[in-house]
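*Asks:* Take a look at the letters that make up each chain.
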Amino acid sequence: MKLHRKILVHYLSCPSPVDKEGYLFKKKERTGAFHRRWFVLKGNLLFYQERPADRHIGGVIVLEGCAVRTEDSDRDFSLVFEGLRTYRDEWVKCLLTASHCYLSLLLRDLGLQYEGEPEGDAVKLGSAKHLQSCGASAQLRRTSDLVLTPPASSDPRTLTHTPALPQATPPGTGAVRPLPWKSPKLWARRNAHVTPINGPAPLPRVWPAVHFNPLQKFEKLHEYYGREVERERAESRREEQKGGESREKRGGESREKERGAGRREDQRGDKSI
Amino acid sequence: MRFNEKELISLSRQPSEKAAELGMRGPKKGDVLKKRLVKLVVNFLFYFRTDEEEPIGALLLEQCRVEREDSLTFSIIFLDEAERKYQFECDSEEQCGEWIDSIIKASYEFMRKNLIFYRTEIHKLTGKDPLEQYGISDETRFQVSNGLQLKARETSSL
Chain W
1 MKLHRKILVH
11 YLSCPSPVDK
21 EGYLFKKKER
31 TGAFHRRWFV
41 LKGNLLFYQE
51 RPADRHIGGV
61 IVLEGCAVRT
71 EDSDRDFSLV
81 FEGLRTYRDE
91 WVKCLLTASH
101 CYLSLLLRDL
111 GLQYEGEPEG
121 DAVKLGSAKH
131 LQSCGASAQL
141 RRTSDLVLTP
151 PASSDPRTLT
161 HTPALPQATP
171 PGTGAVRPLP
181 WKSPKLWARR
191 NAHVTPINGP
201 APLPRVWPAV
211 HFNPLQKFEK
221 LHEYYGREVE
231 RERAESRREE
241 QKGGESREKR
251 GGESREKERG
261 AGRREDQRGD
271 KSI
Chain V
274 MRFNEKELIS
284 LSRQPSEKAA
294 ELGMRGPKKG
304 DVLKKRLVKL
314 VVNFLFYFRT
324 DEEEPIGALL
334 LEQCRVERED
344 SLTFSIIFLD
354 EAERKYQFEC
364 DSEEQCGEWI
374 DSIIKASYEF
384 MRKNLIFYRT
394 EIHKLTGKDP
404 LEQYGISDET
414 RFQVSNGLQL
424 KARETSSL
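Protein sequences appear in the order of chains W and V. The first sequence begins at 1 in the working numbering and counts up by one. The second sequence begins at 274 in the working numbering and counts up by one.
Read the hints as simulated data drawn from the structure, not as lab findings. Among the hints, a few may not be true.
[Said to hold, decoys possible] In silico BS3-like cross-links for lysine-lysine, where the CA-CA straight-line distance does not exceed 25 angstroms:
(1) W/K20 <-> V/K378
(2) V/K291 <-> V/K307
(3) V/K291 <-> V/K279
(4) V/K307 <-> W/K2
(5) W/K27 <-> V/K279
(6) V/K358 <-> V/K302
(7) V/K291 <-> W/K2
(8) W/K6 <-> V/K378
(9) V/K301 <-> W/K2
(10) V/K307 <-> W/K6
(11) V/K358 <-> W/K2
(12) W/K2 <-> V/K308
(13) W/K20 <-> V/K386
(14) W/K2 <-> V/K279
(15) V/K291 <-> V/K308
(16) W/K6 <-> V/K302
(17) W/K2 <-> V/K302
(18) V/K279 <-> W/K28
(19) V/K378 <-> V/K358
(20) V/K279 <-> W/K6
(21) W/K2 <-> V/K378
(22) W/K6 <-> V/K301
(23) W/K28 <-> W/K2
(24) W/K6 <-> V/K386
(25) W/K6 <-> W/K20
(26) W/K6 <-> V/K358
Only chain W is shown next, with the shape it has when bound in the complex (with noise of 0.2 angstroms):
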């Protein structure tokens, strides 16, 4: 298939807002080997190159239903990528977030607030109070698969299946229910790259996708992101209290030395560049 390269160069050079730039280092597939390149996020593109100045670009990556998951390592994400643990978890909750259907549902949901659409703002009180409870900053540690995915295609079974998602946890409680669907964690790994892309597509209830249709309710994509990240959080936090309070203070130190400036620093020592 060709894609149009010139058009996608001059979206990159064009004066159009940059969401996240910064290196990373990028696995080879085939090597394993890792190489650092420069990454520019815009929209929902990830470009990458050498260098920032370069005017080669290495290469492209189209974020639409990509899987983000961080590994076992506190400095992987998704399929290839690499970086330091606060740096990952800046580009994790960017690269989340960069797809136009994310975009899409988010433009949907605001159209509808500004139009004042009674419907929609009694969705959202509800919504609101339970997201203020996840907190903003989706501060993402240890593992965490947090899958995005298209939208479930118009198939009849899609519509039928009973959404596994649970109620929403009470504001203001805190506590974790025991949750009666599959974390994503626990899913199969499901690797984008083996899309079986001479068969048809995937049944919907195969994607590890969210069962709703995104189109209709936004709040609900936003639900399910902050269940995950309070859940995490509330991992993390009785992790913490066992005493990784040695590891908090690196963190706290490299967030300081690597703002901005997309440095790559090896705290733990067992890569070397």
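Mind docking chain V on chain W? Use the hints.
*Replies:* Okay, now just chain V, sitting in the frame of chain W:
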């Protein structure tokens, strides 16, 4: 320049509200009108040979101009170059108008601007930032100052 082709092809097979057989003419001088299945998915315009599973190509709908050529035809111009003008012929005036509208609205940058507009306006009307409830108020991509000229510039905490 590499790109994640498999994902893009998979994306091209997503259900889309805007998919139709249109006449498509490429930018080069000798290019003739060919029947293509044109499909709009997110901010990409894919075009297929009818009944083929894999698209021939994908056009990113950013930094482009969409113009009406005549009652049935619209064109998309990239990079402000005539050499990158793609023309599409529809079956009806109505269809033509709908496609133009959809393509313009599909652009990420267009949507971003709209979002920032709504955010600002809602903030003005209600005194609250509507993005706060989603915890994304600080996201770079939604910032008001991001290279935009708002019509009514007021000092605001945004």
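*Asks:* Has the given pair, V/K358 with V/K302, been kept, meaning a C-alpha gap of at most 25 angstroms?
*Replies:* Given pair V/K358, V/K302 holds - Cα atoms ~10 angstroms apart, limit 25 angstroms.
*Asks:* Regarding the pair V/K279 and W/K6, is the alpha-carbon distance no greater than 25 angstroms?
*Replies:* holds, 20 angstroms
*Asks:* Checking one constraint from the list: CA of W/K6 to CA of V/K378, max 25 angstroms. Satisfied?
*Replies:* Cα-Cα ~22 angstroms, so holds.
*Asks:* Against the 25 angstroms threshold, does the CA-CA distance of V/K358 and W/K2 hold or violate the hint?
*Replies:* holds, 16 angstroms
*Asks:* Hey, V/K378 versus V/K358, does the alpha-carbon distance stay inside 25 angstroms?
*Replies:* holds, 19 angstroms
*Asks:* CA of V/K279 to CA of W/K28, is that 25 angstroms or under?
*Replies:* holds, 17 angstroms
*Asks:* For the pair supplied as a hint, W/K2 and V/K279, is the alpha-carbon distance within the 25 angstroms limit?
*Replies:* OK: W/K2 and V/K279 at ~12 angstroms, within 25 angstroms.
*Asks:* Are the Cα atoms of W/K20 and V/K386 separated by 25 angstroms or less?
*Replies:* holds, 17 angstroms
*Asks:* Need the status of pair V/K291, V/K308: alpha-carbon distance at most 25 angstroms?
*Replies:* Since the Cα atoms of V/K291 and V/K308 sit roughly 16 angstroms apart, the hinted pair holds (cutoff 25 angstroms).
*Asks:* Hint check: V/K291 vs W/K2, CA-CA at most 25 angstroms. Holds or violated?
*Replies:* Between V/K291 and W/K2 the Cα gap is close to 20 angstroms, so the pair holds against 25 angstroms.
*Asks:* Against the 25 angstroms threshold, does the CA-CA distance of W/K28 and W/K2 hold or violate the hint?
*Replies:* holds, 23 angstroms
*Asks:* CA of W/K6 to CA of V/K358, is that 25 angstroms or under?
*Replies:* holds, 13 angstroms
The structure is consistent with each of the numbered hints, conforming to all of them.
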